[in-house]
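Peer 1: Residue numbers (the UniProt record's numbering), protein chains in the order written: chain A, 1 to 256; chain B, 1 to 256; chain C, 1 to 256; chain D, 1 to 256.
Among these hints, one or two may not hold up.
Below, in silico cross-link-like pairs of lysine to any residue (SDA-like), each with a Cα-Cα straight-line distance of 25 Å or less [stated by the list, open to error]: (1) D:K4 <-> C:P159; (2) C:K53 <-> D:R188; (3) C:K164 <-> D:E69; (4) A:K53 <-> B:V62.
Derived by calculation from the structure, the hints in this document are not laboratory data.
Number of protein chains: 4
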Amino acid sequence: MKRKEYETALEPMREELVAMARWVRVTGQRIVVLFEGRDTAGKGGAIRAVSEKLNPRQCHTVALGTPTEAEQGQWYFQRYAGHLPTAGEIVLFDRSWYNRAGVEKVMGFATDAQVNQFLDQVPVFEKMLVEDGILLFKYWLGADQERQEERLRERLDDPLKRWKLSPIDLAARGKYDAYTEAREEMLRRTHTDWAPWTLVDFNDQKQGRLTLVRDLLDRLPDTRCDPAEIDFPALGREPEAESYGVLKPIENYPIA
Amino acid sequence: MKRKEYETALEPMREELVAMARWVRVTGQRIVVLFEGRDTAGKGGAIRAVSEKLNPRQCHTVALGTPTEAEQGQWYFQRYAGHLPTAGEIVLFDRSWYNRAGVEKVMGFATDAQVNQFLDQVPVFEKMLVEDGILLFKYWLGADQERQEERLRERLDDPLKRWKLSPIDLAARGKYDAYTEAREEMLRRTHTDWAPWTLVDFNDQKQGRLTLVRDLLDRLPDTRCDPAEIDFPALGREPEAESYGVLKPIENYPIA
Amino acid sequence: MKRKEYETALEPMREELVAMARWVRVTGQRIVVLFEGRDTAGKGGAIRAVSEKLNPRQCHTVALGTPTEAEQGQWYFQRYAGHLPTAGEIVLFDRSWYNRAGVEKVMGFATDAQVNQFLDQVPVFEKMLVEDGILLFKYWLGADQERQEERLRERLDDPLKRWKLSPIDLAARGKYDAYTEAREEMLRRTHTDWAPWTLVDFNDQKQGRLTLVRDLLDRLPDTRCDPAEIDFPALGREPEAESYGVLKPIENYPIA
Amino acid sequence: MKRKEYETALEPMREELVAMARWVRVTGQRIVVLFEGRDTAGKGGAIRAVSEKLNPRQCHTVALGTPTEAEQGQWYFQRYAGHLPTAGEIVLFDRSWYNRAGVEKVMGFATDAQVNQFLDQVPVFEKMLVEDGILLFKYWLGADQERQEERLRERLDDPLKRWKLSPIDLAARGKYDAYTEAREEMLRRTHTDWAPWTLVDFNDQKQGRLTLVRDLLDRLPDTRCDPAEIDFPALGREPEAESYGVLKPIENYPIA
Chain A
1 MKRKEYETAL
11 EPMREELVAM
21 ARWVRVTGQR
31 IVVLFEGRDT
41 AGKGGAIRAV
51 SEKLNPRQCH
61 TVALGTPTEA
71 EQGQWYFQRY
81 AGHLPTAGEI
91 VLFDRSWYNR
101 AGVEKVMGFA
111 TDAQVNQFLD
121 QVPVFEKMLV
131 EDGILLFKYW
141 LGADQERQEE
151 RLRERLDDPL
161 KRWKLSPIDL
171 AARGKYDAYT
181 EAREEMLRRT
191 HTDWAPWTLV
201 DFNDQKQGRL
211 TLVRDLLDRL
221 PDTRCDPAEI
231 DFPALGREPE
241 AESYGVLKPI
251 ENYPIA
Chain B
1 MKRKEYETAL
11 EPMREELVAM
21 ARWVRVTGQR
31 IVVLFEGRDT
41 AGKGGAIRAV
51 SEKLNPRQCH
61 TVALGTPTEA
71 EQGQWYFQRY
81 AGHLPTAGEI
91 VLFDRSWYNR
101 AGVEKVMGFA
111 TDAQVNQFLD
121 QVPVFEKMLV
131 EDGILLFKYW
141 LGADQERQEE
151 RLRERLDDPL
161 KRWKLSPIDL
171 AARGKYDAYT
181 EAREEMLRRT
191 HTDWAPWTLV
201 DFNDQKQGRL
211 TLVRDLLDRL
221 PDTRCDPAEI
231 DFPALGREPE
241 AESYGVLKPI
251 ENYPIA
Chain C
1 MKRKEYETAL
11 EPMREELVAM
21 ARWVRVTGQR
31 IVVLFEGRDT
41 AGKGGAIRAV
51 SEKLNPRQCH
61 TVALGTPTEA
71 EQGQWYFQRY
81 AGHLPTAGEI
91 VLFDRSWYNR
101 AGVEKVMGFA
111 TDAQVNQFLD
121 QVPVFEKMLV
131 EDGILLFKYW
141 LGADQERQEE
151 RLRERLDDPL
161 KRWKLSPIDL
171 AARGKYDAYT
181 EAREEMLRRT
191 HTDWAPWTLV
201 DFNDQKQGRL
211 TLVRDLLDRL
221 PDTRCDPAEI
231 DFPALGREPE
241 AESYGVLKPI
251 ENYPIA
Chain D
1 MKRKEYETAL
11 EPMREELVAM
21 ARWVRVTGQR
31 IVVLFEGRDT
41 AGKGGAIRAV
51 SEKLNPRQCH
61 TVALGTPTEA
71 EQGQWYFQRY
81 AGHLPTAGEI
91 VLFDRSWYNR
101 AGVEKVMGFA
111 TDAQVNQFLD
121 QVPVFEKMLV
131 EDGILLFKYW
141 LGADQERQEE
151 RLRERLDDPL
161 KRWKLSPIDL
171 AARGKYDAYT
181 EAREEMLRRT
191 HTDWAPWTLV
201 DFNDQKQGRL
211 TLVRDLLDRL
221 PDTRCDPAEI
231 DFPALGREPE
241 AESYGVLKPI
251 ENYPIA
C-alpha cells in the first residue's frame, strides 16, 4: 500500500480516535487494547497509529520487560493489573498477559502446568475486568513467515532498526509452526463472548493498521462528544517577539 | 521549512541517535534531557524527533501531570527524582522541575519564597546528578508571541489538536512578558558550568528540531559503538504461510 | 485474661510462627491473611501477635487508607493486588478488599450494584489467587456492642489511644445491626471451599489473639524446617570497647 | 535496667510521642529520623519504642533491602528519596543512605571513590531536605564489642531471634575496628549544623531507648496541640450482643 493512500485513508480515522479519546475522558470510560501477534508483525506501528494524535497523559502504552525475580514470584496477573487504566484513560498493551500462552510456552519459559492454568484463568480474569466496566479489545496480528523473514533481515540491515532484533526473535525463527499451534490453543480457550479476539492480516502493515483502527472504532459505542466551547478573544495588543538577555539561542541549523 | 528538506536533514541524525542509544546501553550511561519553553513552542515534537526511532523500553518520556496532594506535601524534587534513569536509559522530561520557575511562578501556584528557594536549590540538585555521572542537557524552546497565537488558534480550529488547548494555555496568553521575565531569572540563576542551558529558536519548528537534535548529538562524547555481530543463517526450509483454524482474520480494509 | 497467662500461652506459638516464616522463605511459599471485623475488635493487636517476632522485611502489614481519586476509577481489586506477596513473603491485610462489603456498604460509600458485583467477584478473585498457590486465610473478629462501647470510650479517654477514634467509628456506633447484617451477607456469599472464613470471638482480646494464632498455625501444613547450621567460632581476641573521637555519646537517661 | 523501671520511665514519653504525632498531622510537619549504628546495637527496638503507639498510617518504618540491579544503576539517593514523608508524616529509617559509609565501605560493596563522593554529597543532600522544611534527626547507636558478641550469640541460640543472624553480621564480627574507623570518618564529614548526629550508648538497650526518645522529644519545638473535642453521646439503647447465623466462631483457646 502506498504511503499516500494510507495517509488519506487514516486521516478521518485520526479524527475519530481523537473524538473517542474526548468521549473517554468526559464520560470516565476505561479502554484496554491488547496487541499480540507474530514477531515483526507490526504491533509497534499499530500502536502508534492508534496513539500518535492522542494526549500522552491520557493514552499510555505499556510494554513490560522481562519480569524481575520478585515479579516472577507473584500472582501472574499482578504486574499487568498494576497498569490497568483509571477512569478516563486508554491503555495499549504492547504484548500482554498472553505472553504466557505465546513466547513463554513456545520458548519453554513456563511449564505446561503454568500455561494450562493461565489459559484457564484468563477468561475469568478478563470477565472480572469487563464486568467492572472496562472496554477490552484483543488484537492478534498475523503475517506469513516470508514477511517475517524479510522484516528480520531488514532489522539486521537497517541501522535504524537493528536494536529491534532480539536474540529471542532469532531463536524464534525456527518455531513459526509452534507459534501457530500456540495461537490456536490460545484462541480456542480465550476467545470468549465477553472478550473476543480479532485477528488482523498484517502481511501489508499499512493495510493492517487501517483494518485494525477501523475495527476498533466500529466496536466502540457512539462516541460523539462535542468539545467544550472555548472563548478566544483577540489578544488586544501587538504580539511580542522573543527578546533574549542572559543567554542567546544557538545558531539555527543551516538549511542547505 | 519544507517537510522534504526536513526529512533529508534529519535522516542521518536519526542514525546517530540510534547509535548513541546503543552506546548508552552498552556502556551503562544515563542521559537526561529537559525540554522547557513557551507554550506551543514545540516540546512534544522535539521529543518525538529524539525518541521516535529509539527503543521505548530504553528511552522514556516523562510528562508529569498536576501533583497530587501527597506529592505537594513532599520534598519538591521527590516526584521528579523517581523518574531519573538507571544505567543504560535515556529520559526525556516534557517539562520538568523547572515548572516551579515558570508556570508556577507566573500563574501564582507557588509563593515567591518557594520559587526563590527552588532557584537556589536547582544548581545544587543538578550538581549532585552530574557528579553521580548523569549526562544532563537542558533545552529551552523559544518562539515569538505571533507564532504562539497562530498555534493556539490552530489548536482551537484543528480537531486533531483541540485537546492540546488547555485552560492554562489560554490564561497564559496575556502573560507572555511575565514568562520572558521568569525565563531570564531562571537562566540567571540556573545556567551553570555543570548544567548549562541551551536556547533554541522554534519560530520554525522543523528547523528548531534539527537545531536541537544536532546540538544534543554534538554535546555527547564519541558514541560510536558497533552493533554486535549477528549470525543470520538461511531459514533452511520453505517459509510457512499463516493458516488460521479457530478464527479467521477480519476483512482487510478496502483500498479504494 | 491475665497478661501473664497470655504470655505463657503465646510464647510457644511465637516459636511456631518464626519456624513457619522460615519455612515460607525456604520453600518460597506466599501467605496472605485478611483481618476483618468489628471496629475496635482488635485487628491491630491480632496482627501484632502474628508479626511481632517476624522479620519486617519478610512479613508486611498492609493498611490502606482512603482510595485516591485515581484509585477510585480503577478496577476495584487493583490497589489490593499490588500488595500481594512474592515468593517467600507473608502479607497481613489490616482490612482488605472486604471493605466494600462492610464499611462501604453500611456507610453508603458504594452503591448496591457495586456491593453486589463485588460479592459476586470475590469468590472468583480469591479462587485465582488460591489456584496460583497463595495460602489465603480470612479472619473475622467479633465483639459484643458492649465491648465496642467500652473500647470507644477508652479511646476517647486514653491519650495514647485518642488517635484511633475516627469520625467513621463514631458514625458507625449506631449501626451495629447493619454491620451484623452486612457480615451475614458477606459470609453467605464469600465463605467458599477454597477460601473459607474463620470467625473468632474477640470479647476477650487476649484470648481472641491466642485463638486466632493457634488456628492459623493449625491450618498450615507441616512447616518444620530446621535453620541452617551456622559456624560461630570464638572471636579470637579481646573484644573492643567503643571509643569515640569526633563526637561523644549524649548523657544516658538517668535511672531514678 | 529492669523492665519495670523502663516501662515507668517510658510511659510519659509515650504520651509525648502521641502528642507530637498529633502536632505533626495538624500542622503538616514532616519528620525523618535515621537509625544507624552497630549491628545488634538495637535499632529495631529503638524504632519500636518511637513508633509502637503511633498510627501506622502516619508513622512509617523504612527498612530497604539489597538494591535491585535497576536501583544500583540509579542516582544513589533515588531509592531513599522515594520514601521521604509528605506533610503530616513521620518516617523512621532502619538504616539509611549512610549504608554507603558503613557496611558498603567496610565490606567493600562500594569503591573508595563512591564512598568519598557520597560523603561529599550527604551534607548537600541533607541541606536540601532541611531547607525544604523537613525535620531531620540522625542517631547512631553504639555498643561495645562484648555486647555485640553476646547479642550475636543470643541470636544464634534463641529460636525467636535466629532469623536476625545474617551472614553479613557474621562476616562483620571481625571488623569492629573498621566499623569504628568508618563511623569516625562519617561523623567528621556529615555532622553538620543543619543535620547533626546524636550518638547514644546502647550498651544497655533499655536505657539507650529512653535516652534516644527523650533526646528526640527535646529536640522538637513545642508540640503541644490539644486533640479536637469529640462529642460522645450515650448510645441510647441496650447494646447488642453478637449473634451469628451463617457461621459460628471457632472454639476459644482454652485457658489452662
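Peer 1: State for each hint whether it applies.
Peer 2: Evaluated hints:
{"no.": "1", "hint": "D:K4 <-> C:P159", "verdict": "holds, 21 Å"}
{"no.": "2", "hint": "C:K53 <-> D:R188", "verdict": "violated, 36 Å"}
{"no.": "3", "hint": "C:K164 <-> D:E69", "verdict": "violated, 40 Å"}
{"no.": "4", "hint": "A:K53 <-> B:V62", "verdict": "holds, 17 Å"}
Taken one by one, the earlier hints fail for this structure at numbers 2 and 3, listed in ascending order.
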